[in-house]
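J.: Residue numbers (our numbering), protein chains in the order written: chain A, 280 to 576; chain B, 280 to 576.
Some clues are possibly wrong.
No copy labels: a pair is met if it fits in one copy or bridges any two.
As the list claims (entries may be wrong) - The calculated EDC-like cross-link candidates involving lysine to aspartate or glutamate, where the alpha carbons are at most 16 Å apart (straight line), are:
(1) 385 / 373
(2) 444 / 308
(3) 444 / 388
(4) 521 / 446
(5) 521 / 373
(6) 444 / 389
(7) 444 / 316
(8) 385 / 372
(9) 444 / 548
(10) 380 / 562
(11) 327 / 297
(12) 327 / 373
(13) 385 / 374
(14) 521 / 374
What the hints contain is simulated information worked out from the structure, not anything from laboratory work.
Protein chains: 2
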Amino acid sequence: MAGSLFEAALSEHASDIEKALDRLLPRVEGPESRLAEAMRYAALGGGKRFRPFLVAQSARLFAVNSESALRAAAAAECVHIYSLVHDDMPCMDDDDLRHGKPAVHKAFDEATAMLAGDALLTLAFEIIADPATHERARVRIELVRRLAAAAGARGMVGGQMIDLKSEGAPLDIGGITRLQLLKTGALIAFSCEAGAVLGRASVEAEHALHAYAHDMGLAYQIADDLLDAEGDTDLMGKRAGKDAAAGKATFVSILGTDRARAQARMLAEQAVQHLDLFDERADLLRQAAHFVITRRN
Amino acid sequence: MAGSLFEAALSEHASDIEKALDRLLPRVEGPESRLAEAMRYAALGGGKRFRPFLVAQSARLFAVNSESALRAAAAAECVHIYSLVHDDMPCMDDDDLRHGKPAVHKAFDEATAMLAGDALLTLAFEIIADPATHERARVRIELVRRLAAAAGARGMVGGQMIDLKSEGAPLDIGGITRLQLLKTGALIAFSCEAGAVLGRASVEAEHALHAYAHDMGLAYQIADDLLDAEGDTDLMGKRAGKDAAAGKATFVSILGTDRARAQARMLAEQAVQHLDLFDERADLLRQAAHFVITRRN
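Starting from the given sequences, assemble the full structure and let the hints guide the process.
T.: So, in C-alpha cells, the structure goes:
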C-alpha cells in the first residue's frame with residue numbers, strides 16, 4: 280500500500296535526522312549541562328520529523344549531497360522544536376504533554392525550557408552557517424536569510440502572536456488562513472525550498488516548490504484542526520480539543536467538518552499538481568500531500 | 280575632560296543606533312502588531328548601546344563603511360535586548376524594571392515578552408544575512424557563524440544557565456569567571472571582532488581585538504558587580520542588590536570591594552595594552568576600557 284510505503288520512508292528518514300540531531304546538539308558537560316540535557320530532551324526521541332523530510336525530499340530533486348540536506352533539515356527541525364518548547368510553556372499554551380512525554384518545562388523547569396528554546400533557535404543558525412552545510416557561502420547565507428524570515432516576526436513568531444490574540448476574539452476564514460500561513464506555513468515553505476537553494480535550482484522549480492508548500496501546508500493545518508476536534512489525546516501524544524477549549528476559531532469551527540475535509544483534499548490535490556514539472560524523484564513529496572490529510576496523529 | 284568626551288561619543292553613537300534599530304525593527308501593523316510594539320518597546324529608547332559602540336569602533340579601525348557597521352551593531356544589540364527581555368521574566372530573574380521603565384512582560388504580558396524576545400533574536404540573523412550588511416556572502420556568513428556561537432549554548436545562553444544554577448550553590452572565582460565569559464563576554468567579544476570580520480582584517484588584528492574584549496568584558500562585569508553591590512536603583516534604572524538577595528557569589532562577594540576594584544583596573548589597563556598595534560583610531564576603544572570601570576550605571 281502506498282500509504283504504508285510512505286510511512287516507512289518517513290520513519291526511515293526520521294531515524295537519519297535523529298542521528299544528525301544527536302551529533303549536532305551540544306554534549307552534556309560542564310556546569311551548563313542542564314541546558315544541553317533539556318535541548319536533547321526536547322529534540323530527541325519523538326516527532327514525525329515532517330519538516331526535515333520535506334528538506335530531504337526537495338534536496339533529492341536536485342541531487343544535493345546528503346550531509347548538506349541533513350544539516351539544513353536539522354536546522355529547520357531545531358526551529359520547529361524551539362517553537363514547541365516555548366509554545367508549551369504556562370504563559371503560552373500551557374501544555375504539560377508533548378510527544379507523549381512531559382513537556383520540557385515540566386520535565387525540567389520554566390527557566391530551563393525558555394533557555395533551551397533560545398539555544399535551539401540559535402543552534403539552527405549555527406548549523407547552517409557552518410561550512411559543512413555547503414561549500415558556497417552564498418548558499419549558506421541564503422538559507423540563513425530565508426530561515427530567519429520564516430521564523431521571525433513576519434513568519435512563525437508573528438503567527439504565534441496572532442494565535443494568542445485570537446483567543447476570545449475568533450478570526451474569520453481569511454484571518455485564520457493568514458495566521459496559519461505565518462505560524463506553520465512559513466517554516467514548511469522554508470523546508471520545501473531549502474533543497475532548491477542547496478541545489479541552486481531554477482527559479483521555476485523553486486516557485487513550484489513554494490506553491491506546493493503553500494497548499495500542502497494549509498492542507499496539513501486543516502487536517503490538524505480536524506484531528507484536534509476529533510482526535511484522542513493518547514494517539515496524538517498531546518492534548519486534543521484545546522482549540523475549542525480556548526475559544527479559538529479554526530478551519531473546522533468555521534467550515535464544519537465536511538467542508539473542512541473537502542477543502543483539505545482539494546488543497547492536497549492542488550499541491551501535487553504543482554509538482555508536474557518534476558519526475559518520479561518527486562513521488563514521495565506527492566505522497567506526502569496525501570499523507571498529511573489522512574494521518575491519524 | 281576625557282571622560283565626558285567619551286560619554287559624548289557614546290551618546291552620539293547611541294542616537295545613530297537608535298535610528299538604525301527604528302528602521303530595522305518591524306512596523307506596527309496587522310493583527311500581529313502587538314509583537315512589533317513589544318519589540319520596539321524593548322529595543323528603543325534606552326540603554327547605553329555599549330555593544331553597538333564596540334562594533335562601530337572596531338569597524339572604524341578597518342575603514343568599514345558605516346551602513347555595514349550599523350547593521351552588525353544593530354544585530355548585536357538585538358541579541359543583547361532579547362536576552363534582557365527573557366532574563367527579566369518571572370521564571371528567570373523576575374525583574375519588573377529595565378532602563379527605568381516597566382520590563383516588557385509588565386508593560387505587555389509574559390507570552391508577548393517571550394515572543395518578542397524570540398523575534399528579536401531571529402531578527403539579528405535576518406539583519407546580518409541581508410546583502411545590505413556586506414556585499415560579500417562570505418563576510419555575512421562569518422558574522423552569522425560567530426554571532427550564533429556567541430549567543431548559543433556554548434556562549435550567552437550557556438552562561439545564563441550556569442547563572443541560574445548558581446543560585447544557592449555559589450561558584451568559586453574560576454567558576455564565576457567562566458560564567459561571565461559566556462554570559463556577557465561572548466557577545467562583547469563578537470562586538471569587538473565584528474569590525475575585523477567586516478573589514479577583513481589580519482589575524483593579528485583580530486586576535487588583539489579578541490584579547491581586548493576578553494579583558495574589557497571581565498572588567499565590565501566586575502564593575503557591574505560593584506554597582507550591583509553599591510549602586511542605587513534609581514540611578515541604574517534596574518533593581519540593585521539582586522545578586523546578594525539571590526545568594527549568588529559575585530566577583531565582589533569573593534574578592535571584596537577593594538580587591539575587585541583593583542582587579543577591574545588591572546584588567547582595563549591590560550585591555551588597553553592589547554590595542555598597541557592600532558593607531559589613534561583606537562582611542563575611543565582605549566577610553567572605553569577606562570569608562571567601563573568608572574561608570575555610575
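J.: State for each hint whether it applies.
T.: Hints and how they fare:
no.: 1; hint: 385 / 373; verdict: within (10 Å within a copy, 19 Å between copies)
no.: 2; hint: 444 / 308; verdict: between (40 Å within a copy, 14 Å between copies)
no.: 3; hint: 444 / 388; verdict: between (25 Å within a copy, 12 Å between copies)
no.: 4; hint: 521 / 446; verdict: within (11 Å within a copy, 36 Å between copies)
no.: 5; hint: 521 / 373; verdict: within (10 Å within a copy, 29 Å between copies)
no.: 6; hint: 444 / 389; verdict: between (22 Å within a copy, 13 Å between copies)
no.: 7; hint: 444 / 316; verdict: between (32 Å within a copy, 14 Å between copies)
no.: 8; hint: 385 / 372; verdict: within (13 Å within a copy, 19 Å between copies)
no.: 9; hint: 444 / 548; verdict: neither (32 Å within a copy, 52 Å between copies)
no.: 10; hint: 380 / 562; verdict: neither (33 Å within a copy, 56 Å between copies)
no.: 11; hint: 327 / 297; verdict: within (11 Å within a copy, 43 Å between copies)
no.: 12; hint: 327 / 373; verdict: neither (22 Å within a copy, 36 Å between copies)
no.: 13; hint: 385 / 374; verdict: within (9 Å within a copy, 23 Å between copies)
no.: 14; hint: 521 / 374; verdict: within (9 Å within a copy, 31 Å between copies)
Comparing the model with each numbered hint stated earlier shows that hints 9, 10, 12 do not hold.
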